[in-house]
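For the protein sequence lines, the chains are L and C, in the order given.
According to the working numbering, the first sequence is numbered sequentially starting from 1.
According to the working numbering, the second sequence is numbered sequentially starting from 1001.
Be aware that one or more of the hints could be misleading.
One side of the interface only, derived from the structure: several residues of chain L facing chain C at Cβ under 10 Å [unchecked claim]:
| no. | residue |
| --- | --- |
| 1 | Pro23 |
| 2 | Leu25 |
| 3 | Val33 |
| 4 | Ser38 |
| 5 | Asn45 |
| 6 | Ala47 |
| 7 | His52 |
| 8 | Lys55 |
| 9 | Ile58 |
| 10 | Tyr72 |
| 11 | Asn170 |
| 12 | Glu191 |
| 13 | His195 |
| 14 | Leu224 |
Hint data in this document are derived by calculation from the structure and do not stem from the laboratory.
A virtual CB, placed ideally from N, CA and C, is assigned to each residue, including glycine.
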Amino acid sequence: MTNIFIIIPSFNESKALRNTILPLLKTSMQVLVVDDCSTDDTFTNIADLPIHYIKHPINLGQGAALQTGADYALQNGAEYIIHFDADGQHNYKEIPLLLAPLIENNCDVVLGSRFLREEDINAIPVFRRFILKIAIWVNALFTGLLLTDAHNGFRALNRKAFKSIKLTENRMAHASEILMCIKKEKLSYVEIPVHIIYTDYSKQKGQSSYNSFNILLDLIINKLF
Amino acid sequence: MNPIKFILAIPLLLIVIGFLKSKTYFGFFLFLLAIIGLLLISFPDLTTKTANFLGVGRGVDLLFYACILIFFVASIMLYKKIRIIEITQTKIIRNLALQNGQKLNNPDGNISKEN
């Protein structure tokens, strides 16, 4: 039986997290929640579920949570990991599609993309779409990889990949750092279409499009200095 | 093209790259600044002569240009130091969190279920 961990970084997602986890439990994959020091009642809402649970004693950021998750999965002998959002934006039915290229041994990293199918592109809020288009080019400049979707949190990695990728960007710039690591470690990757579900809840909770400027600053300073 | 532009840009750039790769030069850098400051206070004509030599009108202007560069370099150095602290802090927090990781309600049971 393949040992697969679904890593869900979570910060104050008390309302949505349980509903995100429930369908995942029907699979034979292990669910790992990395609680980035939530201050709400996230834990009590999920304490009865058969999941792995790690809590950061202070809030570090989604990038740090994903790295902690990867380290835990590594310790527990995982062969593949999935990055999965806590807020219900990701469709659990697409997980097998993400895993397929890895299992067939065609590549090391599978990246979800919102820009490969009409229906996925149209689901993205307009302003966000615009920012993301720019982000793709900025990202290409820094990472050397031209992708169709620069900042998609739905990913699958094989052991070789998550063993060699060590994230130091704690906050949202981790998405670009992952790509830089892919390039540096010469990992093979492929993009597949995924449908991101933008609900009112996730749009309101998700990162502001203006945060992209903070990410840009992080990237510039860390890349140059 | 004034000599001042080359003079300030290239060596300082090299210094920046050199200093930024190492953590230990910051103190030396500040010490050097202090010495230069003392020299300039003791011999005010020094700035005028140096400025004219480099193609800058007044000693004060030269100092001004130098200060901008110095503050820029110092900011980057401090940022790098903070970054190292941040990375170390994250490693410690992560170790702590991993040690206290919990398996709630026998999640591994999932695997044996399928078998």
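- Message: Need the list of violated hint numbers for this structure, in ascending order.
- Response: 1, 4, 5, 12, 13
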